[in-house]
Structure formats: C-alpha cells, structure tokens
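Chain A is fixed; fit chain S onto it per the hints.
Each protein sequence line maps, in turn, to chains A and S.
Here the first sequence is numbered in the working numbering, starting from 73 and rising by one per residue.
Here the second sequence is numbered in the working numbering, starting from 73 and rising by one per residue.
It is possible that part of the hints are untrue.
You can't tell identical chains apart in this list, so a pair holds if it fits in one copy or across any two.
[To be verified] For lysine to aspartate or glutamate, the following EDC-like pairs were computed, each having C-alpha atoms within a straight-line distance of at most 20 Å: (1) 251 to 78; (2) 152 to 197; (3) 152 to 130; (4) 183 to 95; (5) 178 to 95; (6) 183 to 83; (7) 108 to 255.
To be clear, the hints were calculated from the coordinates, so they are not data collected in a lab.
Please read all numbers here as calculations on a predicted model, not as lab measurements.
Number of protein chains: 2
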Amino acid sequence: MKALEEKILTEGRVLPGNILLVDAFLNQQVDIDLMKQMAEEWHSYFGERPITKILTLEASGIALAALVAERFGVPLLFAKKYESHNITGERHQSIVHSYTKQKTYKIAVSKRLLTSEDHVLIIDDFLANGCALQALVDLVTHAGAMLEGIGIAIEKTFQPGGQNLRERGYEIYALAQIKAFDEETNDVVFEPEPIISIFSPERHKDQHG
Amino acid sequence: MKALEEKILTEGRVLPGNILLVDAFLNQQVDIDLMKQMAEEWHSYFGERPITKILTLEASGIALAALVAERFGVPLLFAKKYESHNITGERHQSIVHSYTKQKTYKIAVSKRLLTSEDHVLIIDDFLANGCALQALVDLVTHAGAMLEGIGIAIEKTFQPGGQNLRERGYEIYALAQIKAFDEETNDVVFEPEPIISIFSPERHKDQHG
Numbered sequence: 073m074k075a076l077e078e079k080i081l082t083e084g085r086v087l088p089g090n091i092l093l094v095d096a097f098l099n100q101q102v103d104i105d106l107m108k109q110m111a112e113e114w115h116s117y118f119g120e121r122p123i124t125k126i127l128t129l130e131a132s133g134i135a136l137a138a139l140v141a142e143r144f145g146v147p148l149l150f151a152k153k154y155e156s157h158n159i160t161g162e163r164h165q166s167i168v169h170s171y172t173k174q175k176t177y178k179i180a181v182s183k184r185l186l187t188s189e190d191h192v193l194i195i196d197d198f199l200a201n202g203c204a205l206q207a208l209v210d211l212v213t214h215a216g217a218m219l220e221g222i223g224i225a226i227e228k229t230f231q232p233g234g235q236n237l238r239e240r241g242y243e244i245y246a247l248a249q250i251k252a253f254d255e256e257t258n259d260v261v262f263e264p265e266p267i268i269s270i271f272s273p274e275r276h277k278d279q280h281g
Numbered sequence: 073m074k075a076l077e078e079k080i081l082t083e084g085r086v087l088p089g090n091i092l093l094v095d096a097f098l099n100q101q102v103d104i105d106l107m108k109q110m111a112e113e114w115h116s117y118f119g120e121r122p123i124t125k126i127l128t129l130e131a132s133g134i135a136l137a138a139l140v141a142e143r144f145g146v147p148l149l150f151a152k153k154y155e156s157h158n159i160t161g162e163r164h165q166s167i168v169h170s171y172t173k174q175k176t177y178k179i180a181v182s183k184r185l186l187t188s189e190d191h192v193l194i195i196d197d198f199l200a201n202g203c204a205l206q207a208l209v210d211l212v213t214h215a216g217a218m219l220e221g222i223g224i225a226i227e228k229t230f231q232p233g234g235q236n237l238r239e240r241g242y243e244i245y246a247l248a249q250i251k252a253f254d255e256e257t258n259d260v261v262f263e264p265e266p267i268i269s270i271f272s273p274e275r276h277k278d279q280h281g
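Here chain A stands alone, though its shape is the one from the complex (with noise of 0.2 Å):
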C-alpha cells in the first residue's frame, strides 16, 4: 500500500537489530487519517467475509485495529499479555515467545467473548517471526473459531513468520512488505509483488495442532 510505504520511507527510522523504528506514525503517535487509510484497505479485501469480530494483541495494535473494527462496525477484541503462568477455565491462552524482549509471555481472551460463533478477522503492526501472530491464531483455533483472514501492517519478509504462516495456509493481506533494510543507510526495500498466500486462500477452521 503505497501510502504506509511512502510514510515508512519518510517518517520510519532503521535502528540496529533489524529494528525499524515507526513510533512517529503507528506504534506511539498514531497517524489516525493513514489508519482509517488502511483500514479501508483491508475491507476491500476481506469486507466480504462474514466477519464479527477484529482480534488484535495488546498494546501497540490497538488503536490500528479499532479503527479496523470501526471500518467493519463490528466489536474490537484485544487479548492481554500476562507474565504469570497461572491457569484458569475462563480464558483461551497461549504463549509467545518474544525475540525482541527475550522472554516468554502467556496472551489469553475471556471465553465469554470469543466464542464457536464468531468469524474473526486478525490486526497487528508487525510480522516478523511470527510468535505474537501464531499465539493469536492459537485463541481462535481454541475458541473454534473461524478465521477470516489476517492483516498486517508491516511485514518484515526476510523473517520467517510470513511463510511459516502462509505454509499452514493462512491468508495474510501485509500492507508492507519489507525485503530488506540497511542500518547504516537507513535504506528500505519493498517487496516488488505482494506476497498474501503461498496456496490458493482457504479459510481455516480447527486446523490447528
């Protein structure tokens, strides 16, 4: 989406350890026009699934993904983060392993709100190993769930979460696609096509495990 990109090549800054810095427009300050951009995209794209609810993982999604919901007039769910491993009846969990931060965390939803009926449209800012995103397909599978469709923001496509995604046949619409950057440069490199399946789009009902 050539918006995010012309604003990731503006505004996006490349920090060492492959991390690109984008709290100007989308995980600190929220660019909220780009967004409502963005989230308009997506509903080109997946409006005509039957969608009834937006899934996304606390906390720098959030406000991306509500306008997402916003945009399909469907409730917004965000699953919380938890640090202790304590185990009850009420929610789905999973766990995630961050790169990033170096530990493992458990993101759960309350059953009550993510139920065999919902039809669930996934939203996050990043993919890169794919863990956070994984964990999240996880809730939806234990919910029994459907899952319409996962969009993403940015993409890192030089990581392997993408396509070990797309290799259990996920359906991900990325809005950027980034192949490679350079830390010394601050250089960003596109994508040339957009990559969304690696199979021809399925929709996945309790495929997991």
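Frame of chain A; chain S shown alone:
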C-alpha cells in the same frame, strides 16, 4: 452520560476488591459505537480548545483514545510502560504505583512526539486512585505542553484520585461517576450530578512541582 451508565448497569460486573469488570465493552472487547458516542460527548465539551494531540496510557485506554483522536482530527499519542529503571534523555518520564497490581512502573513518551508546542487532551478509561493519571499529567508538564483537559470514561468518586487532581485545579470530565457499588448485590450507584471542576475551569501550563 446515559448510554455509558446503562451499559455499565447491563454489562458491567462488580468483583471483590472494588473492581468493576467492563471487559465486555471497554477494556478487552470494545464496543466501537459506544466509544464513538463517548468521543462525541468529549468533543461537545472540549471541542473549542486548540487541541493538537490526544494522550493516553497503554493498553486499555488506546481504543477509546483512537476514536477520540479521530473525532478531534488530531494524532493519538500513547505513553508506554516500562519496568526497567534506566533513564534516557530521549523520553519524558514519570512513575506510577498501581494499587491493583501492587507494583511500581515507569511510563514514558518520546521527547520528539510531545513538545512545548502541543495542546493536550488526556483520555483514559478509569480514574480511581489517580496515580496513572497524575503520571500522564507529569509527562505533559515535563514537555512544557499545555494541558487542555482530561476525559475519563469511568471514575470511582469514592476513591481519592479525582478529588486530589481537581483540588490541584485540573479539569476532568468523567462520563460515568460511580459513587458506590456493592459486590454482594452487583448494585452500582452513580453520582446524581456530574463533578467536573472544584474550582472554576482553568488551564494549566508548567504548574507541576
């Protein structure tokens, strides 16, 4: 605000420890239509002021604040929480003690993103002891920005945060003010008349400390 009070009465649950569970519409699942009505209400009240940024604290205030930012046509900015105690010159920082979680953490925003040019409306979901809100006010003050007002979704007026902050002269417009609740009967009692300012409305700059 009637719509929010009714939602609290129909979908909120009172839990032991003075906790009001509003995860069905505010801080896990988010009712976007209700958030838009709330944004409209704050816009009616604060809309004449020269607001340049909406400021909130991750994570549960973000969805609400994003819809407020949309209504005001300005960017959203959210402060991040840190457990580490490293000081950096690049951020405005403050400290919060959470009574609910019995721990102390740091909150911060980038100095690039909050400056003395800004006119800020703070939005948050809850006000009880006021520690998180005071820390957000601190960030505005440290930046030398103008605090134009504070919008809170749900205030527990039987806890001291709102009164303490109003006594310091801050103008807080809370859309539902809970005077008391009863965890045995699940009864919620609202303030009969809104409490906004204790003194006449004033705006504050560099008043902190």
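Out of the numbered hints, which ones does the structure contradict? Violated hint (a single one): 7; every other hint is consistent with the structure.
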